[in-house]
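*Asks:* Going by the working numbering, the first residue of the sequence shown is number 1, and it counts up by one from there.
Hints should not be assumed to be uniformly reliable.
[To be verified] Label-pair restraints from in silico Cβ distances: (1) Arg-39 / Lys-267: 19 to 27 Å; (2) Thr-276 / Asp-141: 22 to 30 Å; (3) Asp-265 / His-12: 16 to 24 Å; (4) His-12 / Ser-59: 20 to 28 Å; (5) Arg-155 / Asp-93: 36 to 44 Å; (6) Ala-63 / Asp-265: 26 to 34 Å; (7) Ala-63 / Arg-294: 40 to 48 Å; (8) Ala-87 / Gly-110: 24 to 32 Å; (9) Ala-268 / Asp-14: 22 to 30 Å; (10) Val-269 / Asp-14: 25 to 33 Å; (11) Glu-258 / Asp-74: 28 to 36 Å; (12) Leu-160 / Arg-192: 17 to 25 Å; (13) Asp-86 / Lys-267: 33 to 41 Å.
None of these hints come from the bench; they were simulated from the model.
Ideal Cβ positions, reconstructed from N, Cα and C, are used throughout, including at glycine.
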Amino acid sequence: MVRPEVGASVGHRDCSGETVLVTGATSGVGREVALALARLGADVLVHGRDAARGESVASELRALGSDAAFFRADFADIEAVDELADAVAERADGLDVLVNNAGAHFDEGGLTELGVERTFHVNHLAPFRLTNCLRERGTLDGARVVTVASEVHRRATLDLDAVTSVADYDGFEAYSRSKLANVLFARELARRDDALSSVSCHPGFVPSSGLWRNASLPVRAVMRVFSLVPRQFTFGRVDSAGSAAITPTFLAATGDHEDGAYYKDCKAVDPAPAATDDELAADLWAWSADRASR
1 MVRPEVGASV GHRDCSGETV LVTGATSGVG REVALALARL GADVLVHGRD
51 AARGESVASE LRALGSDAAF FRADFADIEA VDELADAVAE RADGLDVLVN
101 NAGAHFDEGG LTELGVERTF HVNHLAPFRL TNCLRERGTL DGARVVTVAS
151 EVHRRATLDL DAVTSVADYD GFEAYSRSKL ANVLFARELA RRDDALSSVS
201 CHPGFVPSSG LWRNASLPVR AVMRVFSLVP RQFTFGRVDS AGSAAITPTF
251 LAATGDHEDG AYYKDCKAVD PAPAATDDEL AADLWAWSAD RASR
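Could you put the whole structure together from the sequences, leaning on the hints where they help?
*Replies:* Given below as structure tokens:
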């Protein structure tokens, strides 16, 4: 449960003059984070795959006084990620905040053109590439980078050979593995780059999120049922997109955090032991840099 004083501190934060990029901001948690930051005065750049939804969100943000713009990119296409970095760098002299929120869950396995399992590509490799392209351009100097992970990272192990194959594919296992990679990436980014701050966080379990749009019909049906159940009847395990946006918004808006840490309910908590494996984090970084540059 988020402490009331934390919510109050975010509500009084003035982000006027700050420029923020939120990926996956056309629905769900990303949209709520974008709206919250716009209400705090930030100019918000919106990323997504759906142009109509993206322009709609950008219009909502402009109505709040934000100098908002929409950028379309499919994170399954690494060239589109590079083009997004170019477009953002051209639009903004620099970013004060990057929220790596975009993510997907696929019930059926598939490989991208880089030979990477699709979930891992979209959820880890694409934000890794985007972040580093923006770093290379100097766009993230002094920025706060918030990578949205998940508590399901605790169920995962990371075998880099497994992310180039879809044999014996399991959608939940693939998603959990990508979230472990998110936590490792945020930790390693903090270690490597003193010119920015980097954290990861668990936003909450949001059945109504667009995350499940690529799931099978039975999974989507279950999530629909969960989304209709009042939170008090789920023992606090189910969140709305708005409540799930609180922790990433807190981290994006305040900068009041421990560099490299993993956050839940606006507090730094210990991640899974695998997520603190510095050798694994370094191996993942080297693998990702090599694979994304092919």
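*Asks:* Decide, hint by hint, whether the structure agrees.
*Replies:* How the hints compare with the structure:
1. Arg-39 / Lys-267: 19 to 27 Å: 23 Å Cβ-Cβ, so the 19 to 27 Å window holds.
2. Thr-276 / Asp-141: 22 to 30 Å: Since Thr-276 and Asp-141 have Cβ atoms about 27 Å apart, the given range 22 to 30 Å holds.
3. Asp-265 / His-12: 16 to 24 Å: holds, 19 Å
4. His-12 / Ser-59: 20 to 28 Å: This hint holds: roughly 27 Å between Cβ atoms.
5. Arg-155 / Asp-93: 36 to 44 Å: holds, 41 Å
6. Ala-63 / Asp-265: 26 to 34 Å: holds, 30 Å
7. Ala-63 / Arg-294: 40 to 48 Å: holds, 42 Å
8. Ala-87 / Gly-110: 24 to 32 Å: The hint (24 to 32 Å, Cβ to Cβ) holds, given that Ala-87 and Gly-110 are roughly 27 Å apart.
9. Ala-268 / Asp-14: 22 to 30 Å: holds, 24 Å
10. Val-269 / Asp-14: 25 to 33 Å: holds, 28 Å
11. Glu-258 / Asp-74: 28 to 36 Å: holds, 34 Å
12. Leu-160 / Arg-192: 17 to 25 Å: Given range 17 to 25 Å: holds, Cβ gap about 19 Å.
13. Asp-86 / Lys-267: 33 to 41 Å: Distance hint for Asp-86, Lys-267 holds at roughly 37 Å.
Checked against the numbered hints above, the structure violates none of them.
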